[in-house]
Each structure stands twice: as C-alpha cells, then as structure tokens.
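Novice: We have chain A already, so just place chain B on it with the hints.
Number of protein chains: 2
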Amino acid sequence: MVPAMSLLEDLRADLGPAHVLTGEEAAPYATDWTKAYRGAPLAVARPASTEGVSAVLRRAHAAGTPVVPVAGNTGLAGGTMAEGAVMLSLARMGRIREVRPAARVAVVEAGVVLARLHEAAEAEGLVFPLTFGAKGSAMIGGVLSTNAGGSNVLRYGGLRGMCLGVEAVMADGRVLDLMGAVHKDNTGYALKDLLIGAEGTLGIITAATLKLFPKPRAYATATVAAPSVKGALTLLHRLQDATGGAVECFEYMPRHYVEQHIAHMDGAEPFEAPHEVNLLVEVGATAPRDAEPDEGGAVPVQETLAATLAAMIERGEVLDAVVASSETQRRAMWARREAAGELMLHVGRLLNLDVALPLDRVEDFLERAEEGRRRIDPGAKLSIVSHLGDGNVHWTVCPTDPARDVPLTEMVEDAVAALGGSFSAEHGIGLAKRGTMARRKDPVALDAMRAIKAALDPKGILNPGKVLPD
Amino acid sequence: MVPAMSLLEDLRADLGPAHVLTGEEAAPYATDWTKAYRGAPLAVARPASTEGVSAVLRRAHAAGTPVVPVAGNTGLAGGTMAEGAVMLSLARMGRIREVRPAARVAVVEAGVVLARLHEAAEAEGLVFPLTFGAKGSAMIGGVLSTNAGGSNVLRYGGLRGMCLGVEAVMADGRVLDLMGAVHKDNTGYALKDLLIGAEGTLGIITAATLKLFPKPRAYATATVAAPSVKGALTLLHRLQDATGGAVECFEYMPRHYVEQHIAHMDGAEPFEAPHEVNLLVEVGATAPRDAEPDEGGAVPVQETLAATLAAMIERGEVLDAVVASSETQRRAMWARREAAGELMLHVGRLLNLDVALPLDRVEDFLERAEEGRRRIDPGAKLSIVSHLGDGNVHWTVCPTDPARDVPLTEMVEDAVAALGGSFSAEHGIGLAKRGTMARRKDPVALDAMRAIKAALDPKGILNPGKVLPD
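So the sequences go chain by chain: A and B. For the first sequence, UniProt numbering gives the first residue as 1, with consecutive numbering after it. For the second sequence, UniProt numbering gives the first residue as 1, with consecutive numbering after it.
No incorrect hints appear here.
Stretch by stretch, here's where chain A covers chain B in the computed footprint (C-beta under 8 Å, at least three residues):
| id | segment |
| --- | --- |
| 1 | 156–162 |
| 2 | 173–186 |
| 3 | 194–200 |
| 4 | 358–368 |
| 5 | 388–395 |
Keep in mind that the hints were calculated from the coordinates and are not lab data. Backbone N, C-alpha and C fix where the C-beta goes; we use that ideal spot for every residue, glycine too.
So here's chain A without its partners, still in its complex pose:
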C-alpha cells in the first residue's frame, strides 16, 4: 500500500468514509471560484469538530503530506490551490457556539458563513460589522485567515481588533487554545494576530471569539459628486467631524465605473450631469438622539448629512449630491457599488491590483498610476473602485495584451512603494502576489516571516507555497 493510500485509510477511520472525498466527489474542490487556479487534491477531508481537524493534521504531519484548508472558497489570490495535498474543508464546523450579549461577544466555528453570524448578532440587537460582497458564502475561518476587509474597516477597524480569541490546530495536530473573551490580554506574544491573515500557513483556525457592536438605529446614505479625490477626503473629514466619527462607508466610483455600470448592468446616471468623482457615503446613527425623527419627521443623522453636503455645495466643495429618502433609494445606491464583482465579468480580462495608500496620498497615487497606464498601455480600459475612506483602491485594468500585465503591475507597485502604501490591502498574497512579495516586501521582514514559518511548521505541510516566496 502506498503511503498516500494508508493516509486516506486512516482519515476514513477517523472521520468516517463519507467525509473523506476523492475522485469525482473531490473534483469540485480542485478549482477556486475565480477559475484562475486549478489543483489536484489528493483528497478532501471534512471534519466536523476541532478534534477531527486535529486528527487530520496529526495524520498528515506523520505522513509528511501537505494540508490546504478551505472554508467558503471566496478568496481572490489562489490561497486554496491544492496540488497533491489533503484539502481540509471546514464547512462542517458550522456551529455558533454561543452569543453572549452582556459580554458583547459571539463564539463561532470556522465554517459559519459570515451572513449567518450577521443574523445571529442582529437577533440580539447587535452587529458583527465586518462585511463584503461575498458575505453569503465566505466562512469565518477564511475571513480570519485572509484578514478580510471590506467597506466598514473605516468605522470599526480591522479584523484583528474585532477578534478577541482564536482556537487553532497547529501543524502537528496539537490544539492551540487562545479563546479568551477579554479586551486586554498581555500574556506573551500575539499568536492570535499572527494566525489571522496567515492564510493557513502557520496553523488552521477552527473557532474564534468575535466582538459584537451596537446596531445603528438609522442610516443616512447619499451619492455625492466631488470635484476631486482630494476634495472627497475633505468631505470625509468634514462628515467625521459633524457626526463624531460615524461614517460607515465612503466608497469611490470614478466616471468610467458609472459608465460601465450603465452600459453592462442597466445602471442609472447618479446625477443630471456626469461627474468624475462619484461617492457612496453612509453614516450610521447608533445614538437614539441621532436616529429618532423629530416632530417634522426628519431623522437627525440624515439632517446632519444633508446640511454638511448643502454647506459644501454652497462653497463649491461638493458638485452635486442625492440623499436617499427611502430604503429603496438606499438599496439602489448600494446596488451600484455592489455591482463591482459582477461588472468585472463584463469588462474583459482583468488585472486586479488591490492596494492601500495613506489617505493623504490616494490622489497622488491615482494620478501616477493613470500617467503610467497612458505610457504603458494607453488602450487599456480601467475599472477602478475604492474603499476611499480607508485608502484601499482596487486598481483594476483590462490590458490590451497579456504582455502588458507585468509592466502595469510593476508601475502600480512602484507608485505604491514611493507613496508609502501597501501592495496588498485586503485580498492577501496566496499564490497571486508571491512574486510581488519577493520584489517588494522588506527583505528583513521576509526573513523574519520565513523563520517563523520554519519554527511553527518545520515540515512545511501547512498550505505550502502560499504567502512566502521561495
């Protein structure tokens, strides 16, 4: 019996034969949803518990067989490509272990779909704020392992701050228990933060304790035309000042994005005249004082947004604005922004460069990148959209020729590096950006990461070939 067969026998004994898939049954796992990456997994193991995950790792570690974790399979960087590896699906670990409203925490397993956690929190009048397009499929294990972002990092901060504890299985199958629900914990190194965003290369997150937040009682939403990106940031700071930092999202859609939305998805012009800098702005009112309608029926947070915009229009700092006056209008405004994922399918073959800039350098970046595009591939269409409020730009381009991919990528990376930005904001590294890691990441940082990887996974079985360049 070849060693791989013996491993599969053992896994079947541990998990039950129905939960070790091979052949036809495993085939759907071979391709990620972007279809850009195709592997040939040895098998797919589907444990239903932490003990099950531990058993899979123990067996694989003994056999020296790679293990590639997969949760909701919504990643964009090829992080789940599995060649000759055991894929470890966390989909059956779908328990919400507890929701404790008085502690404002939820304890959930890695296979819980993000939208299900949203519902569980809302049932207690709370929210788990992190959200993004794939929320109906993405699972907590993947959300944490890729340190997913989205549109409201602006208000609530990143995922590491929202996650109070994790449970993980290490390379040798031992279970790491860091599941406290405390807000301050200085008991040694930040292992939780290290596992978050490590894309399953240092350990496999099986559960987490997540912070819950008060649910906003009312929203004020607007589509706004600003004279420039710098002008948009003036609006952002003005709104933060006016609302006490209650801006939930601040999304930028350039003219070409609006036109593509109209052409391909039956979208509507947001304003009578076309504008270059279109924004989706939303403020969330958590205090009753800001959310309860006055005698005239006006909702204070909406009045604050409208007044801020009116004052800026008066001074020419904002060119035009529409404030949503109903939930239907609000949904329509969001639909334009949320179309980004589908829209990409219509534009052509895309190069999606997910970068982040310091807020005061975003405009500079866009100008440099546009100058570079004109120089390198003037015929290349753009399809940019941006979480402008946190400096995250999805600089997406449709090169006229695959030969332009590398020069365009390097040009954008140069601009990002020159302006103190990051070449991967929220999509992670996976396989897609390993080359960039090698070229762009501080070499001392790369050495430290390699040393940590070797220390925690000396046999190199955890999601090999991801994150770190050779």
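Specialist: Here is chain B on its own, set in the frame of chain A:
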C-alpha cells in the same frame, strides 16, 4: 582585553564616549522605578538614531552579549532588569518625525514621551487617545513593547489597532521597516503585532506610525453609585446605547478604595451615604450636535448622561449620582481615580494582580476572589480598582504575611482561568509573571512562543529571561 571591554570600546567608537555609560553614570539604570528589581548592567548605551540602535545590536550580537531595552522605565513587571547586559536606552530617540493631519497619523520615535505626543496631536485638533497614569514619563517604545492599556481601550480599542506601522531593529542589528501609514495591509504575517507587546524580546521598536482621532469637543463626567457590579454593567450598556458608544472611561472603585482615599490622601466622600460600588464615568462628545450648548446653556452630552442616570435612579438601578458641572468638579472626580498609584504606597506591602475578565464574568470573579481571600488570609486588606468598562481588574491585596502571597495569587489565577479571563491584562509578563506563564498559559501557545523566540533571536540576546518561562 576581555571581550566585554572590547565591546564597550566599539560602542564608544560608534556612539561617542558620552553615550556609553558605566559605573556611577550607569547606576541609576540598575533599578526600576518600583524598586522591586535591581540588576547590574554592563553599560548603558544611548543611541540617538535607528542607525545607532542597529550598531549597538550588531556589536552585541557579534559579542553574544545580552541587550535590554529601556524607554521611560515606568513598567510594573521588571521588564528592564539588566544583569550583565548592555542596557539600550531609547531616551535620545525623541523626535516626532511628522504629524500628518490629513492622513490622521503621527510618526514618532521610541523615546517620545506619551504626553508629548498627546500635545502634538492636540495642536492639530486631534488626539492620540491611549493614556494612563505614567503618561508624563512613559515613552512610545515602552508603551508599544508592553502593549500598554489604560482607561480608554473601551472606546478606542487596543494599541495594536492604533499603531499602523513600526520600525524595529532585529537581534542581529538589521532594521525591519514596516512603517506604512495604511489602514489595510495584508502583505504576510503580522510582524508589527508580534513586536507590540513582546517586551523587547523579539526586536527593539525604534519608531512607529500611530493613528490620531478626532478630539472630543465636550465631556460629560459623573461619579455614580451602582447597586452591584452587574448593575454597573447595565449602566455601561445603557450609556453606550444612549450615546452611540461614546463612553470614554468606566472605572470602578469599591468602598474600601474610597475609604483609603479619604484616610490617606485627604479624599472626600463622593455621596452623602457610603456606597459599595462607586464608578467614574465619562462620555466624550465628538459631534458638534452633542457638544454645543443649547439656548439654555445645557450641553447635550451632559443632558444625555444626566437623563440616563435619572431614569435609572427612578427605577432603583442606580443608587446615587453626581454629574460634574464644571471642569474643576471633573478634575476632582478624576483625582480620586488617579490617586490609585500613590495610594498604594500608603496601604502596605502589596500584591498587585492585574487581570482581565469577560464583561459578563467580572462580578463572578470578584465574588470568588473575595471568598478566596477570606479563606486564605482573612486579615488581608484589599485595594482594588478596575477599568470595569473593558473588564480589567487590578486586584490588589496586602497579605498579612508574605507566605500568603503564593496561595492568594494561585487562588486568583484559578478564578481567572475558570471564568475565561487573562492573568495579565495590561502590565505584561516581564520577570514578575513568568511563573504564572509556566503554570497557566496554554502549553501549545508556550511552545509556539519559544519557537518564535528561537527563530528571531537564535543567540537569545534580546532581553533574555523575560516573558517566556525557562
């Protein structure tokens, strides 16, 4: 020439003879400010730049000589005890490199005193919110290396979320540059978060990019008597709901604390009748709407606090409350809480157990610990104070006999462990809690930490003997 002498010669050549202290000049560095730890440093090196820190590490690494970093020397866990080591003082690295209001960041060196950063931020109408008693001496390098907490983690989250980037010198003297000022960065492992709180055992932080926040325009401050700790948390949640999460601090002082303040520091009774559960509560209004006085001169945020308290008094959920009606009254309320440090000097020899609990378990913890104290050392006085809003309890006890220290400590640790808490909330491990680390920390976590330490500092020269148990 013995190797140590040759090392000192080299350091004098690198830094200038005035900045390598020995003998009398080095003596003040031998003792930490608590006087609990006394070492005998080989010398004190005082580099003024990152290059200087790098030179010291390069030399020490080659010589195999330990290096112990020291910044403001306000730690409570013996983290700077230096026996035969080169102490590396960061005090001369005192530059605020830049403050960029439009990006809402400050770039500061490790030797910048926290209060100076507060002033620099306020000059731009912003705040760096993290604050605690030692702010006039504590320096950013130490604040980050110990992951310091304080009273407003409740509103602003922990330090890792407030720090966007760090620059650090690794064991071999190489400079790690992670100084981006971006809000999203998924370019490999969370090295920044790993260095924060590592107490100088993995690398020496020389500079950081820190987030700035809008400055509250008005405060509403009250001293409140609650019927119980659980009842206090009802008030906390009620206030968070009423203000949209604007509670800046929520501090608990038990009856014995108030009595000690009266007896030793000329304090005043907060209420006509004595109460068991005394709270200092402060709400910060960042939005003009909540801060600007109405026609009658009332400040809305203060009205909201007063109304919330009045409604709860009406229902018996709050026993008594005084809302500060002037800045003088507000200062007096804060003075009672800020007296904690000095008060400890009057109470006797203390055992200060800094623990954190999930919010919904704090009362349980206090009851269990009190039951344990009565059992183990009924004559032992307590001097408890707590950042109740984030679950951090300073359970401070004055044992009648040093022989009771260990049983009291273990009793508290048992209670914390049973309730899912942390045995070190904000003071860190240093030397003081290494024994607890060995007994209490998940063994898989300890192994992972040791592996990381060995990977990043193979010669073990960085602050040896701290954080990790042998």
